[in-house]
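Please build the complex by placing chain B on the supplied structure of chain A, with the hints as guidance.
Line order of the protein sequences matches chains A and B.
Read in order, the letters of the first sequence are residues 1 to 240 in our numbering.
Read in order, the letters of the second sequence are residues 1 to 345 in our numbering.
If you are wondering where the hints come from, they were derived from the structure by calculation, not from laboratory data.
A few of these clues could be false.
[Claimed, not checked] Here are the simulated DSS-like cross-link-like pairs (lysine-lysine), alpha carbons at most 27 Å apart as the crow flies:
id, chain 1, residue 1, chain 2, residue 2
1, A, K59, B, K264
2, A, K59, B, K330
3, A, K59, B, K292
4, A, K108, B, K184
5, A, K59, B, K334
6, B, K264, A, K143
7, B, K9, A, K233
8, A, K59, B, K328
9, A, K233, B, K8
10, B, K228, A, K103
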Amino acid sequence: MIKVVLIDDEPLARSIVAEYLQTFSNIEIAQECTDGFEGMKAIAQHHPDLIFLDVQMPKINGFEMLELLEAPPAVIFTTAFDEFAMRAFEAHAIDYLLKPFSKERFDKAMEKWMKQKAAPQNTQALLEAVSSQQEEQHRVVVKTGSSIRIIPIHEVLYFEAYDDYVKIHTKDGYFLKKKTMQHFENTLDTGTFVRVHRSFIIQISQITKIDSADEVLLKNGVRVPLSRTGYTKLKAVLGL
Amino acid sequence: MPIVEITKKRIARTYTIVWTIWITVQTFILTYIGLDFHQALIDSIVSNSLTAFLGIVLYNILQYYQPENDNFVYLRLWAFFLAVADIAIANEVLKHVFSYDTHYLFVLHQSLPIRLCFIFLMLGIITLLNWVRYYYLNVQETIERKADTEKMVREAELSKLRQQLQPHFLFNSLNSISALAGSKPEQARKMIQQLSDFLRGTLKKDDQQLVPLSDELQHLNLYLEIEKVRFGHRLNTEIYCDESLNALLLPSLLLQPIVENAIKFGLYDTTENVLIEIHTRQEKNELIVEVKNPYDSATAAPNKGTGFGLSSVQRRLYLLYARTDLLKTKAEEKHFSTTIHIPQP
Numbered sequence: 001m002i003k004v005v006l007i008d009d010e011p012l013a014r015s016i017v018a019e020y021l022q023t024f025s026n027i028e029i030a031q032e033c034t035d036g037f038e039g040m041k042a043i044a045q046h047h048p049d050l051i052f053l054d055v056q057m058p059k060i061n062g063f064e065m066l067e068l069l070e071a072p073p074a075v076i077f078t079t080a081f082d083e084f085a086m087r088a089f090e091a092h093a094i095d096y097l098l099k100p101f102s103k104e105r106f107d108k109a110m111e112k113w114m115k116q117k118a119a120p121q122n123t124q125a126l127l128e129a130v131s132s133q134q135e136e137q138h139r140v141v142v143k144t145g146s147s148i149r150i151i152p153i154h155e156v157l158y159f160e161a162y163d164d165y166v167k168i169h170t171k172d173g174y175f176l177k178k179k180t181m182q183h184f185e186n187t188l189d190t191g192t193f194v195r196v197h198r199s200f201i202i203q204i205s206q207i208t209k210i211d212s213a214d215e216v217l218l219k220n221g222v223r224v225p226l227s228r229t230g231y232t233k234l235k236a237v238l239g240l
Numbered sequence: 001m002p003i004v005e006i007t008k009k010r011i012a013r014t015y016t017i018v019w020t021i022w023i024t025v026q027t028f029i030l031t032y033i034g035l036d037f038h039q040a041l042i043d044s045i046v047s048n049s050l051t052a053f054l055g056i057v058l059y060n061i062l063q064y065y066q067p068e069n070d071n072f073v074y075l076r077l078w079a080f081f082l083a084v085a086d087i088a089i090a091n092e093v094l095k096h097v098f099s100y101d102t103h104y105l106f107v108l109h110q111s112l113p114i115r116l117c118f119i120f121l122m123l124g125i126i127t128l129l130n131w132v133r134y135y136y137l138n139v140q141e142t143i144e145r146k147a148d149t150e151k152m153v154r155e156a157e158l159s160k161l162r163q164q165l166q167p168h169f170l171f172n173s174l175n176s177i178s179a180l181a182g183s184k185p186e187q188a189r190k191m192i193q194q195l196s197d198f199l200r201g202t203l204k205k206d207d208q209q210l211v212p213l214s215d216e217l218q219h220l221n222l223y224l225e226i227e228k229v230r231f232g233h234r235l236n237t238e239i240y241c242d243e244s245l246n247a248l249l250l251p252s253l254l255l256q257p258i259v260e261n262a263i264k265f266g267l268y269d270t271t272e273n274v275l276i277e278i279h280t281r282q283e284k285n286e287l288i289v290e291v292k293n294p295y296d297s298a299t300a301a302p303n304k305g306t307g308f309g310l311s312s313v314q315r316r317l318y319l320l321y322a323r324t325d326l327l328k329t330k331a332e333e334k335h336f337s338t339t340i341h342i343p344q345p
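Isolated chain A, as found in the complex (with noise of 0.2 Å):
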């Protein structure tokens, strides 16, 4: 049996998938689920074979949520209408139905799948993709244990790097993101954030005292060392 997750909001989209599978006779449709939470709760529970995806959702959309994912499954997204979004589905060869979608269309989707069985590394590079094209970052969405936590971009007071991972610090500790520092240092405003070091990236706001040429000084107290090219641009940026 091929085991199958449906994650839309909108209980019609759900439904419509629901009755094109009805013609596949090995697959069992293990939840459908209406937010980005509930279909990583799924995913976890099921471990399906593929999950049908809208990307506009409450709390954190479709890219977010498989951002979380340690191993995605195969996706095929399903979307009213997002252009950028089908511009890095198209780059990345995975398929994705526009809503509304025939049937035929739709059977086409899953021969594509059952034939290749989307490999999960171009999840990967489509995430990559994804947000590395965004625009202005305006939040980070990290997995603490079993909760999901939706970090306002102005509450991160810096980023380091650590090992494959960026460790993002908040008033409230740090959480842990398997991403690059120069995904952030891409996607983030350049007048708010800063890379002053090959491993930090701090909120201007922040800071409280520029000691020397190799350290800065924050409000809580943290000193961050900073590299030559940092603390030019770090000048550059504060108008010394």
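For chain B alone, coordinates are given in the frame of chain A:
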């Protein structure tokens, strides 16, 4: 196009270096043809400083006056006139300084034509470089201006589109109809009817038109019915409107984007059921409409409140009434409210 910055400081430095080099060269040439070093140096400094000074004068003139292509003849004449004046002054000064030395005076006299040519050439080069510089600056400015204009046009176009219709709404509604067509054809037909009525209403009205509140609410209801089919039990709405307000006027299609924003805000910022409240009242000579939606103050993006929908409403109100205080938003712990004030004619 890479932008090379040519600062005044850099120009001044280069200019000084070039002239210093040339003063040195001329000193050695004059020594070579028989003047003693002391004389050669003074000659070189006097004549070249004068030319350098005239070069600066030319530079300053050209800052305020840019010749058209056919005025170049005048510019050359100017340069020639300056060169003659230059040589005359230099000649007098040097004659005065070395009046005792007949050999020097002879060399000075003999070299006048070549000096004149040289000065004319130098001033010509300075003019040309100036022209190239201004041409370059001009091209740069044109490119920047063009990019700015294009951006403005694009933004205007985008906001116009946004005001009309959100493609998300249309395609998702069609998707719902597609789902209903299989299981509940009667409901599908009803929704097609509602969607058609809504679209017709949207197309019929123009931006400048004022409509009675009752009409606007009717149109809004069509929209809400469709959204309720899409989102099922998650979306609930409540409209409070006293009959006495029905005839009050407001710009057509003003409420729908506000409510659309509230629905999006409410539905995408929380995972619970959502109640959108629409309150209407009259205060003095104004119709006041307040739209309330639940939201989560902890995770809402800081600028979300004045999203695309609201900024186009604000813009329209400004264009119609020349006031910026007619749309207000308020964020409380659990609720977000948008209020518009419509002055009555």
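How the hints compare with the structure:
With a CA separation close to 11 Å, the supplied pair K59 of chain A and K264 of chain B stays within the 27 Å bound. A hinted pair counts as satisfied when its Cα atoms are at most 27 Å apart, and K59 of chain A with K330 of chain B qualifies at roughly 21 Å. Our distance criterion of 27 Å between C-alpha atoms is met by K59 of chain A and K292 of chain B, whose separation comes to about 19 Å. Proposed proximity of K108 of chain A and K184 of chain B is supported: the alpha carbons are some 25 Å apart, at most 27 Å.
At roughly 15 Å between alpha-carbon atoms, K59 of chain A and K334 of chain B fall within 27 Å of each other, so this suggested pair holds. A threshold of 27 Å between alpha carbons decides the hint, and for K264 of chain B with K143 of chain A the separation of about 25 Å falls inside it, so the pair holds. The straight-line distance between the Cα atoms of K9 of chain B and K233 of chain A is roughly 24 Å, inside the 27 Å bound, and the hint therefore holds. Our distance criterion of 27 Å between C-alpha atoms is met by K59 of chain A and K328 of chain B, whose separation comes to about 25 Å.
Restraint check: the Cα-Cα separation between K233 of chain A and K8 of chain B comes to about 25 Å, which is no more than 27 Å; the hinted pair holds. For the hint linking K228 of chain B to K103 of chain A, the alpha-carbon distance of about 25 Å falls within 27 Å, and the restraint holds.
The structure meets every hint from the earlier list without exception.
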